[in-house]
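Just need the whole structure built from these sequences, with the hints factored in.
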Amino acid sequence: MPHTLAEKILLAHVDVADVGPGDVVMVRCDVVLTNDISGPMAFRAMEKMGATKVFDPAKVVVVPDHFVPAKDTRSAELQKLVRDWSKDQGVTYYEQGRGGIEHTVLVEEGWVVPGSVIAGGDSHTCTYGALGAFGTGLGSTDIAACLASGSFWQAVPGTIRVEFTGAKGRFVTGKDLILAVIAEIGVAGGTNMALEFVGEGAEALSIDERLAVANMAVEAGSETGFFPADDTVAEYLAGRTARRWVAERSDPGAEFAQTVRIDLDGLSPLVALPDSPGNVVSLDQAVGRRIDQVYIGNCSNGTITDLRQAAELLGGRTVNPRTRAIIVPASQRVYRQALAEGLLDLFVAAGAMVSTPTCGACFGGGGGVLAAGENAITTTNRNFRGRMGSSEAGIHLSNAWVAAAAAVAGEIVDPADFEVAP
Numbered sequence: 001m002p003h004t005l006a007e008k009i010l011l012a013h014v015d016v017a018d019v020g021p022g023d024v025v026m027v028r029c030d031v032v033l034t035n036d037i038s039g040p041m042a043f044r045a046m047e048k049m050g051a052t053k054v055f056d057p058a059k060v061v062v063v064p065d066h067f068v069p070a071k072d073t074r075s076a077e078l079q080k081l082v083r084d085w086s087k088d089q090g091v092t093y094y095e096q097g098r099g100g101i102e103h104t105v106l107v108e109e110g111w112v113v114p115g116s117v118i119a120g121g122d123s124h125t126c127t128y129g130a131l132g133a134f135g136t137g138l139g140s141t142d143i144a145a146c147l148a149s150g151s152f153w154q155a156v157p158g159t160i161r162v163e164f165t166g167a168k169g170r171f172v173t174g175k176d177l178i179l180a181v182i183a184e185i186g187v188a189g190g191t192n193m194a195l196e197f198v199g200e201g202a203e204a205l206s207i208d209e210r211l212a213v214a215n216m217a218v219e220a221g222s223e224t225g226f227f228p229a230d231d232t233v234a235e236y237l238a239g240r241t242a243r244r245w246v247a248e249r250s251d252p253g254a255e256f257a258q259t260v261r262i263d264l265d266g267l268s269p270l271v272a273l274p275d276s277p278g279n280v281v282s283l284d285q286a287v288g289r290r291i292d293q294v295y296i297g298n299c300s301n302g303t304i305t306d307l308r309q310a311a312e313l314l315g316g317r318t319v320n321p322r323t324r325a326i327i328v329p330a331s332q333r334v335y336r337q338a339l340a341e342g343l344l345d346l347f348v349a350a351g352a353m354v355s356t357p358t359c360g361a362c363f364g365g366g367g368g369v370l371a372a373g374e375n376a377i378t379t380t381n382r383n384f385r386g387r388m389g390s391s392e393a394g395i396h397l398s399n400a401w402v403a404a405a406a407a408v409a410g411e412i413v414d415p416a417d418f419e420v421a422p
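All the letters of the sequence shown, read from the start, carry residue numbers 1 to 422 under the numbering used here.
One should not assume that every hint holds.
[Said to hold, decoys possible] 30 Å max Cα-Cα, derived DSBU-like pairs, lysine-lysine:
1. K80 x K53
2. K71 x K87
3. K48 x K87
4. K53 x K87
5. K80 x K48
In short, the hints are calculated from the structure, not lab data.
See below:
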């Protein structure tokens, strides 16, 4: 029987002869990930299960990133708890200053390869689909079971085939592609589904842009989102990992629940207005909105590609006096690369604040929360009411070019307005 990519990956990690949408199977993990929020809850649940040791220390990774650096005594205690637990269990632990945001770190460090299964204690574990892996976010109780047994229950998802045709234009990025998908199918359109991104437009994306697309598959309610592994993935992984992998894609004749086509030739930059990633409009419909804070970073758009795009707009210009800008490289590697390229100095010269890699402001945990009545534009993945601070603040999602242009103008503008030299 022909299978989709999602079915093929799961079939290689279960002990049954065949799988199909809706089947509930026990899936073996190649990697189990947790952090400083989901970790402590999972550790307590694991103790209640009577498990004292993880199933395989070589397959467990802990990355503190949400409350890094610790903002108060409580968060410092969480950091200490995960640090001590990781040492006791002998698992891989990325200490503050030596890692960064978990999803970026796992990709950079070679933990993710095509065809692998990663169970993560964070909803954006779907990011790993950029490399053709099945990454899925689980609750802390399920992560506890994964830590103890190396497996989890999974309902086999159907697959929505997303075909990107044509070529994206100037100032259009992977962020706009996934916002276009969410606008098309809705924030619940991918429920019980995997998204499979194909077509010439998908194949032309860099790994950084694929990460942005896969990261927000969950914002459509999807289990995960995939790019079939290709030469771009092979080049990225060369010298990065010794893990074995085979490039897979859906079989000819595989059954898809739906096919969605997005024409990149006609796609403009998009903005998700408050208070939902599905409240998507074209950039021209958002122009003129006052912006108090710009945030460029996060596990979706804190890559070197995003920082270069921001630098293109901010170079030789300054942040508007009524606006503040926060720029957060997603990992120490990205931070050092941006430092070597002179981007960080450029940002500071423009009047922006550059932060250590952290999830803090993205989820309102610290390092840039919003006050009532303020508006932000951000390259993050969620703009729910109260997500970044006050429930009376407005959050807009965009790509890095659009966000940086807003930092200069103090309002949402078209980055094409800055095509001339500063």
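Next item on the list: Would you pick out the hints that fail for this structure and give their numbers low to high?
Entry: When the structure is compared with the hints, none of them turns out to be violated.
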